[in-house]
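**Q** Chain A is already provided as a structure; the job is to place chain B on it using the hints.
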Amino acid sequence: MQNYLDFEKGLSEIEGKAQELRSLAQRNPAMNVEREAAALDEKARELLREIYSRLDPWQKCQVARHPDRPHTRDYVAALFTEFTPLAGDRCFAEDHAVTAGMARFEDRPVVVIGHERGHDTRSRLHHNFGMARPEGYRKAARLMELADRFGLPVITLVDTPGAYPGKGAEERGQAEAIARCTERCLSIGVPIVSVVIGEGGSGGAVALATADRIAMLEHSVYSVISPEGCASILWKDAERMREAAVALRLTAQDLLKLGVIDRIIPEPVGGAQRNREETIARVGKAIGTLLREIEGMKPAARLAARRRKFLQMGAKALA
Amino acid sequence: MNWISNYIKPSINSLFSRREVPENLWRKCDGCGTMLFHRELAENLNVCPSCNHHMPIAPRARFESLFDGGVFVPVEVPDPLPDPLGFRDQKRYSDRMREARRKTGEHEAMLVGEGRIGGAPAVAAAQDFAFMGGSMGMYVGNAVIAAAERAVSRRCPLVIFSAAGGARMQEGILSLMQMPRTTVAIRMLREARLPFISVLTNPTTGGVTASYAMLGDVQIAEPGALICFAGPRVIEQTIREKLPEGFQRAEYLLEHGMLDMVVPRREMRDRIATLIRLMMRQPPRSHGDLPQPEAAPDGGAAQDAPAPKAERP
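Protein sequence lines correspond, in order, to chains A and B. Under our numbering, residue 319 is the last one in the first sequence; the count climbs by one each step, no gaps. Under our numbering, residue 313 is the last one in the second sequence; the count climbs by one each step, no gaps.
Extracted from the complex, chain A is given alone in its bound form (with noise of 0.2 Å):
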């Protein structure tokens, strides 16, 4: 069953038609449909590529934040071996919106980290919508010293909201874990890569995205606030989340041209949700890529580019 998005009714319409067509054969044989079928799966091709090569910022924040998107436990199961899960930030709790192991990719040890949103109601709420709290962010420090330590690169995965904006996170120091978090990113020499594979919410997506090389899925987003909070503040009316998408300049495409990111990857025709192994499968293979171009540098070296690239960050402009 297709979850279809707004801008998509013209779309689920066409393959809807098509689908009554071919059920209404299958009850009656002697019916010959699967020409007058073909056609509309056809149209319903040509409707679908022709939305997705022009989709706006807002309709790219909705293919962004879509359900049915992979998400961080389907990379994990699909590009990586023996993960193994570690839990916990010793302080206080275990964050379920943060997955963290060590693991193998393409053979070599790694730790892995990213944000899990879930993909029902029941691992929604497991995993508090991808919106980690201060432990999740200390967990996520930890591993990364781990990693520093035992000489494995880091790969994370960016998909959340935000940060929780909770009372008990506030208490036990949101910004404090975040800052940290984003200053162990600037202080290891392990190679760090960093996809963002749905939504990099603010703050709570910079704690994890703060690598050698960053990566944005073709429809994914990534802004310091969003475009609903950004217009309640600057237009006072969180409806014209519209203007303030457009206006934020938060997607793969403005971050590839202002430097702040360094690569994209492009999601199958329709997104991400429409054809989940090719795109895990792709951002397989960017992983890979990145990874090469920053392993033979000596962990001084890598880190002092790390930081340079992002004083550097801020240098080129859209306007």
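It should be emphasised that the hints constitute simulated quantities derived from the structure, not laboratory data. Just so you know, not all the hints are guaranteed correct.
As the list claims (entries may be wrong) - Calculated pairs, BS3-like style, for lysine-lysine (alpha carbon to alpha carbon, straight line, at most 30 Å):
#1 Lys257/A / Lys285/A
#2 Lys298/A / Lys316/A
#3 Lys242/B / Lys167/A
#4 Lys236/A / Lys91/B
#5 Lys43/A / Lys17/A
#6 Lys236/A / Lys103/B
#7 Lys9/A / Lys43/A
#8 Lys236/A / Lys167/A
#9 Lys316/A / Lys103/B
#10 Lys316/A / Lys257/A
#11 Lys298/A / Lys309/A
#12 Lys285/A / Lys316/A
#13 Lys91/B / Lys257/A
#14 Lys28/B / Lys242/B
#15 Lys257/A / Lys298/A
#16 Lys309/A / Lys257/A
#17 Lys91/B / Lys316/A
#18 Lys28/B / Lys103/B
#19 Lys28/B / Lys17/A
#20 Lys309/A / Lys285/A
#21 Lys236/A / Lys28/B
#22 Lys103/B / Lys91/B
#23 Lys298/A / Lys285/A
**A** Same frame as chain A, now just chain B:
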């Protein structure tokens, strides 16, 4: 920004203290509502004499009360590309900037200066809440980096007074990138084994709290300061309950282990001076009259600390 606005104007300002006479001679305390005479308020470093409420203070006034004799030399901050996204909401970003510059008479939301604190050389940076809510964009990032680089080259400590609503949305992702950028700056100090004292003032929120403001070797806050990542309104909307009195205030954070101390503005200078001398392994401060700072950097008359308010003739 040229050398005139960089050096000459600030030096004149620091000599003659506040440039403009406030249009309104009376100001209402945000805390208790008492009407306060502007001069009395300024002499009290914008702290209400009747309820001790700490109101925002401009970076220049802060520096005058911090550095020995009120004397400091501005540290130059590289200007970033203006309006990198061509951002526009109901107003253009460039218009908002012009308005903020006119209103504050400052170039941007952070001022960096160097001088002596209790005799010891130090670099300080102060965020200006009056300038677009102190928001952190490329310029503030550049300011933190410039301050750290200067501290490292002078082998002296860095003190940052933060005050911000968070990242500057009008610079989009580039404002978010100031979190790692400023963190790189703090790493420079760490690796040079130089102290970084973070002073959090009202309010310090969002990406500013989640980067340099929470990375101090010593964490100080002013009384009553709101310090948080997510603001109280956002949290109340999320959890749909009222937050307790004093939640996310400095005293609350102190109790929750996020700060070393809460220090009233009038005692700030002395406390920082003591900390610097301890961390720089210098002998204790001599009490009583301090010697004049050697070669006051702008040739200005060094006066007795703190917070001299030379009135205009």
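**Q** All hints, please: hold or fail.
**A** Structure-based check of all given hints:
Between Lys257/A and Lys285/A the CA atoms are separated by roughly 22 Å; this keeps the pair inside 30 Å, and the hint holds. Restraint check for Lys298/A and Lys316/A: the C-alpha separation of about 28 Å stays at or below 30 Å, so the hint holds. In summary, the hint linking Lys242/B to Lys167/A is supported, as the alpha carbons are separated by about 10 Å, within the 30 Å threshold. Using a Cα cut-off of 30 Å, the hinted pair Lys236/A and Lys91/B holds, with the two alpha carbons roughly 13 Å apart.
Under the criterion of a C-alpha separation no larger than 30 Å, the hint pairing Lys43/A with Lys17/A is consistent with the structure, at around 11 Å. The suggested pairing of Lys236/A with Lys103/B holds, with an alpha-carbon distance near 23 Å, which does not exceed 30 Å. As the CA atoms of Lys9/A and Lys43/A are separated by approximately 14 Å, the hinted pair is consistent with the 30 Å bound. Our distance criterion of 30 Å between C-alpha atoms is met by Lys236/A and Lys167/A, whose separation comes to about 25 Å.
Between Lys316/A and Lys103/B the alpha-carbon distance is near 29 Å, which keeps this suggested pair within the 30 Å criterion. Among the hinted pairs, Lys316/A with Lys257/A is consistent with the structure: their alpha-carbon atoms are about 8 Å apart, no more than 30 Å. With a C-alpha separation of about 16 Å, the suggested pairing of Lys298/A with Lys309/A holds against the 30 Å cut-off. Of the pairs offered as hints, the one joining Lys285/A and Lys316/A holds, with about 28 Å between alpha carbons and a cut-off of 30 Å not exceeded.
Straight-line distance between C-alpha atoms of Lys91/B and Lys257/A comes to about 24 Å, which keeps the hinted pair within the 30 Å bound. The straight-line distance between the Cα atoms of Lys28/B and Lys242/B is roughly 28 Å, inside the 30 Å bound, and the hint therefore holds. A C-alpha spacing of about 28 Å is found between Lys257/A and Lys298/A, which places the hinted pair at or below 30 Å, so the restraint holds. Of the supplied pair hints, the one linking Lys309/A and Lys257/A holds, its CA atoms being roughly 15 Å apart against a limit of 30 Å.
Between Lys91/B and Lys316/A the alpha-carbon distance is near 23 Å, which keeps this suggested pair within the 30 Å criterion. The straight-line distance between the Cα atoms of Lys28/B and Lys103/B is roughly 19 Å, inside the 30 Å bound, and the hint therefore holds. Taking the CA atoms of Lys28/B and Lys17/A, the gap is near 69 Å; set against the 30 Å cutoff, the hint is violated. For the hint pairing Lys309/A with Lys285/A, the CA-to-CA distance comes to about 23 Å; that is within 30 Å, so the pair holds.
For the suggested pair Lys236/A and Lys28/B, the alpha carbons sit about 27 Å apart, so the restraint of at most 30 Å is met. Annotation: proposed proximity of Lys103/B to Lys91/B holds, straight-line Cα distance about 16 Å (limit 30 Å). With a C-alpha separation of about 23 Å, the suggested pairing of Lys298/A with Lys285/A holds against the 30 Å cut-off.
Against the hints set out earlier in the document, a violation occurs for number 19 only.
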